[in-house]
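Chemist: Required output: the full structure, derived from the provided sequences and hints.
As they're listed, the protein sequences go chains Y and U.
Counted the way the numbering used here counts, the first sequence spans residues 1 to 413.
Counted the way the numbering used here counts, the second sequence spans residues 1 to 381.
These are computed hints drawn from the structure, not numbers from a lab.
Glycine is no exception: its CB is placed at the ideal position from the N, C-alpha and C atoms.
Check before you lean on any hint, since a few could be wrong.
To be verified - Taking beta-carbon pairs under 10 Å as the criterion, some of the chain Y residues facing chain U (in silico):
1) 111
2) 115
3) 116
4) 229
5) 297
Stated by the list, open to error - Just a sample of chain U residues kept apart from chain Y, beta carbon distances all over 12 Å, derived:
6) 27
7) 33
8) 44
9) 48
10) 166
11) 186
12) 238
13) 252
14) 271
15) 282
16) 310
To be verified - Pair ranges (Cβ atoms, derived):
17) U:78 with Y:87: 53 to 59 Å
18) U:245 with Y:66: 41 to 47 Å
19) Y:188 with U:102: 47 to 53 Å
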Amino acid sequence: MTGALPEQVLVIGGGLAALAAAISARRAGARVTMLEAAPRELRGGNTRHSRNLRIAHDGPTAQIPGSYSEDEFMADLAKASEGRADPALSRLLARASSDLPGWLAAQGIVFQKRDIPHSRKTAFFLGGGKAAVNALYATAERLGVRVLYGAGVDSVDLGSGAAKPFHPCATVIACGGMQAAMQAARPGFINRGTPYARGEVLRQALADGAEATGDADAAHLVAVDARSPHADGGIVTRVDGMEYGMAVDARGARFADETAVTGPTRYATWGRLVADLPERSAALVLDALGIERAPLSVFPPLEAPTLPELAERIGADAATLEASAREAGRVTRPPFFAFPMRPGITFTCFGLRVDETARVVRRDGSPCVNVFAAGMIMAPNILGTGYVAGGGMTVGAVFGRIAGEEAARHALA
Amino acid sequence: MRSPETPPSGSLAPLAEARRIATICAVCNYCNGFCEAMRAIERRGDHLSRRAAAAASPREDRERGGRGKSVAAPAFSDGDIAYIAHLCHNCGNCLTSCQYAPPHVFAVDAPRALAEVRSLSWKERPWLALAIFVAVVALTVVLVPWGTLTARHSGEGAFYAVIPWATMTAAALAPFLFGTALVGARVARFWRALSRPDDVRRGGSAWRAIPLAIRDVASLRNLEGGGIPCERSIARRFLHHALAYGFLLCFAATCTATLYHHGFGWLAPYPLSSLPVILGTVGGIGMVIGAAGLAVARRGGGTAFDNTGDFVLLAQLFAVAASGLALLALRDTPAMGLLLAVHLGTVLGFFATLPFGRLAHAPYRLTALLKAAMERKADGA
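Modeler: The structure is reproduced here in structure tokens:
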């Protein structure tokens, strides 16, 4: 513990990026304070709901089969971001990713070595993101990082790096995106991630002259069960199995070809489709065979012996629903089932421009001297409005580490 | 099926709560690297998801629909839940790693929920054990002449001077055989409940999986948390081993003594350097340390499902071991007669409650691990 001494590096946030920054700054010799907005039991930001990291590697290791070159990683980023990925930062990310399993393992994270879902591009945390978060907090505390819980921050002075009431030598902003703010602004949206990503620091930094990156209206969305908790539902709330039935809007009309996308991108596809509906509300309807084929769901399906009765249960128009079923041809055998759907926000795609030392860049192009950003608040530099599995976690770890080291270097100079 | 956040109520609460949690675990799957319980959840979750998708042809579809077969959303069966519960070693790793652990609205606490399901498999009868203990001591005091009971006996057959060998053997054997048979029948029923036809097909030979299952039982490998052993699990593993292996050594001591008696005609008590006494002493010390340590560790909390059955069993095993050691230490004194009655009383009470009590977790766990080993072999893992 640093006791009453003033902190040299202040880290705002509590997820993987913040932890990587705090640990690397502390290991570089700085006195570090971390401000986690959540209470201790809900610490870790969206990392708590994550599971894997995207890693470039030349050959199979205990954690990842196959190989995944830096160039392939770069190409995937370019494709996902539709060409908007900052080339220098992408190169930096892909290159630095290969060191991550070793570095994170040295900080206490255990990677899964058996029973892993097949993925040659990503390494999995044993026990998932919360296990990883627990390990990193234990290491940070053992090293003497001061961690304050329930300590949200509204603003950071881009000139001095101060965040009331703290006056550090350097500040790392690693408090995630703004999904809670976006959810508040859009009735009907559900936040799958942490409710503590409120975007206040981001909004204030932009007002103070920081340059934005990404798109303020964009978010990674998936279709989630409408009965999900308003936040923190994580992975289990998503609705899957559209190809075994039909997706209908609030009236009961189909709005997309359910069999068009069945690969891993289907989740994001349906999230966008449901969000684009005027009511931002839909339902997956299955018949007796479809319910057996659809993946297991944590929410019980709504059930009815006939389609008109099911229409009543989901608030749709009976004739429209029956016409949709005839059209789809997959919803024929009673009884009928439905899962109500809403768009669920995973994270937002809007943040702060940074340079290769993770310094926040102003609109005039000049980097802040002692204010750094890491994690989802700067991920749009690389991901744009796109998504690659495990990409956000890798951005957090790589740029958290860079930001922590650079902040310590500045503080100790 | 209930919503993921509604708490269960009523007499089916433990099963319903475990089913709710297992469903969330099956969909999330982040913990599948931890242990056999989580892998069993994953396998059954996969099975429920794909039960029709993989096999059914359009013709089969029509036939299934046409027969008016009752249709329900896929769900874990009671047999699945019991199986998963008996695979759980209660290490707590999945709870500390759970994104849905309390205070999350889903309130997922798998170790507690599964412990509550396990506890349905036994019902402690501490009064029965106590009654038998009191009866044995009282009968000894009443039936054995006071002079004989408090005399100093030594040399071969000293114990039988107080309580005749045939009486002692019959009193011990009857509840032991009855208990073993009853436990056997209940475990067989458990095995049938978890051996659903499709799983039998997946599982393959039980015989070939036995070595794997025995290794899992003997090592408590599942307390390794797949690579993240929690702090409590290290102490618990040591204490459990001390108790379990101590118990087995004491059992081996009894078997050896039986062989001495019938095979060679050597009568107890045996010299300190003899095999039965060495086995019994080491085993007894292990049991005392293990039982006391586990009781303290349980009190220490963690996931802390307060299972009185645990304490009753630990107290019984402690009493059996401690009275046995006391008998050994004081067998050449006038206290021997009474201590013999006390020890016999604890042993008979233990045997009598065997079929109801918490020790039944051992055959249930072995059975569940055998099933898991079969499935692991079938998966090629």
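Chemist: Work down the list of hints and note, for each, if the structure agrees.
Modeler: Right, here's what the structure says about each hint:
no. : hint                         : result
1   : 111                          : 8 Å, holds
2   : 115                          : 5 Å, holds
3   : 116                          : 7 Å, holds
4   : 229                          : 5 Å, holds
5   : 297                          : 7 Å, holds
6   : 27                           : 4 Å, violated
7   : 33                           : 4 Å, violated
8   : 44                           : 9 Å, violated
9   : 48                           : 5 Å, violated
10  : 166                          : 56 Å, holds
11  : 186                          : 30 Å, holds
12  : 238                          : 22 Å, holds
13  : 252                          : 36 Å, holds
14  : 271                          : 51 Å, holds
15  : 282                          : 36 Å, holds
16  : 310                          : 26 Å, holds
17  : U:78 with Y:87: 53 to 59 Å   : 58 Å, holds
18  : U:245 with Y:66: 41 to 47 Å  : 44 Å, holds
19  : Y:188 with U:102: 47 to 53 Å : 28 Å, violated
When the structure is compared with the earlier hints, violations turn up for hints 6, 7, 8, 9, 19 and for no others.
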